[in-house]
Amino acid sequence: MPKYRFEARQADSRVRGTIEAPSRVGAYHKLCVRYPRVISLENTSWLWRLHRPGVTRTDLALWVRQLATLLSAGVGMRRSLELGAFGESVPLGKILYQVNEDVTGGMPLSAALSKHPRVFDYQEVTLIRAGEISGKLPAVLARMADDMERRLKLEQRLLAAMVYPLAVLIFASFLFWGFLTFVVPAMAAVFAGFKLELPLLTRVLVFLSNAVRSPWISGTFLVLLALTALTARRWVLRMSERLRPTLFKLSRRLPWIGPVLDRLESSRLLQAFGSLLDAGIRLNQILLVLQQLVSDPRRYAALETVRAGVMEGKSLALVCAQTRLFAPAVTHMLMAGEEAGELAQMMKRSAAMQEMEIEHGTRTLAAMAEPFTLLVLGGVAALAVLAAFLPLVQLMQAFISEL
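Numbers 36 to 438, taken from the numbering used here, label the letters of the sequence shown in order.
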């Protein structure tokens, strides 16, 4: 049975020790019987310390669902956060313990979460802040959990669709490495014995073979590649605000990929809109929150126009149609939902429709990636074979000329 090292508080003193339990949650419940408050709880196994995974999106979605359920059941915020802090995810638990300390000190949940931007992104914190302001936090958290679970399923489908092309690419890369390491040097030695002037393509192949087999050249190349990647990352982070409009324009103009990215943001926007409406938050407040959720400058400006139109008493669907915030099919559905008084439900159906189109688009991209990958690999293989056999043709021509 696993052992866990714990630290707990009893009266005015701290108690440290170990406890055996089938799981971290089981250990926490055992300690709760003995001590009024548990401070830390970690597995003592060296294997666990060797591999400490970070906070995954799955862990985060499970915690948001748990928090929504506990708050809806009437459990206090402090107790709900404490239960989450001692779940199975240790990295998330450490962060939630700090969040619990901040909330206990009087800080709002959204402000406490915003201190950990690597785990809780700005969009999620914005939604939680909206739930706090409206007094509908459990409902907003439940809708957030639904949205996160849907996105996880979509990401899993995307990864599954790209497994085959990536596997083929990795396997072909190993084959090409073996060809450069073992086959090309042997052929180069044979050609050197005949003192032939190698063709340009063959000389390039021999140079690549020497570079792969030389630790100095390959090591220098890898170091330069890593430095270039780090420099490019810092430059992109520094220039992100200036480059964002240009990058969005370029990404939306990409064939096949641009429409999928556009539908992805539209689906997330519609889902958040419908969830906040269901939670009973005012329309003007929702539009302010949505402006913080979008990354596309064009959509941000469109939302500002929509908010101004709604404040003037105009129809939401009509202003959305005028600003082209959503696709025409989605706008027609919103008009129907507004007329029927089912705007929130119609937004969720529109989001589901967008997700179906995204899934279809990703499957199309994956289907196109397979033949494209094979075409590229076939071209590389053809060039390698041609580079290897061109000297043989020269050698045969030399023999024929001597006869």
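Please note: incorrect hints may appear among the correct ones.
The list that follows gives simulated cross-link-like pairs (lysine-lysine, DSSO-like), each with its CA atoms no further than 30 Å apart [what the hints assert, rightly or not]:
no. : residue 1 : residue 2
1   : K129      : K150
2   : K188      : K171
3   : K349      : K171
4   : K129      : K38
5   : K171      : K150
6   : K38       : K65
7   : K230      : K188
8   : K129      : K171
9   : K129      : K65
10  : K150      : K188
If you're looking for bench data, these hints aren't it; they were derived computationally from the structure.
Proposed proximity, K65 with K129 (alpha carbon, max 30 Å): holds, 19 Å
With the threshold set at 30 Å, check whether the alpha-carbon distance from K188 to K171 stays at or below it. holds, 26 Å
K150 paired with K188 [C-alpha distance capped at 30 Å]: It holds: about 28 Å lies between the C-alpha atoms, which stays within 30 Å.
Does K171 lie within 30 Å of K129 when you go C-alpha to C-alpha? Status holds; Cα separation ~27 Å.
Is the hinted pair K38 and K65 satisfied, with a Cα-Cα distance of at most 30 Å? holds, 13 Å
Keeping to a limit of 30 Å between CA atoms, is the pair of K129 and K38 held or broken? holds, 18 Å
Is K230 within 30 Å of K188, Cα to Cα? Outside the cut-off at roughly 61 Å; violated.
Quick one, are K171 and K150 close enough, alpha carbons at most 30 Å? holds, 22 Å
Could you grab the alpha-carbon distance between K129 and K150 and see if it respects the 30 Å cut-off? It holds: about 13 Å lies between the C-alpha atoms, which stays within 30 Å.
Hint consistency between K349 and K171 [alpha-carbon to alpha-carbon, up to 30 Å]: Satisfied, since the Cα-Cα distance of roughly 26 Å is no more than 30 Å.
Against the hints set out earlier in the document, a violation occurs for number 7 only.
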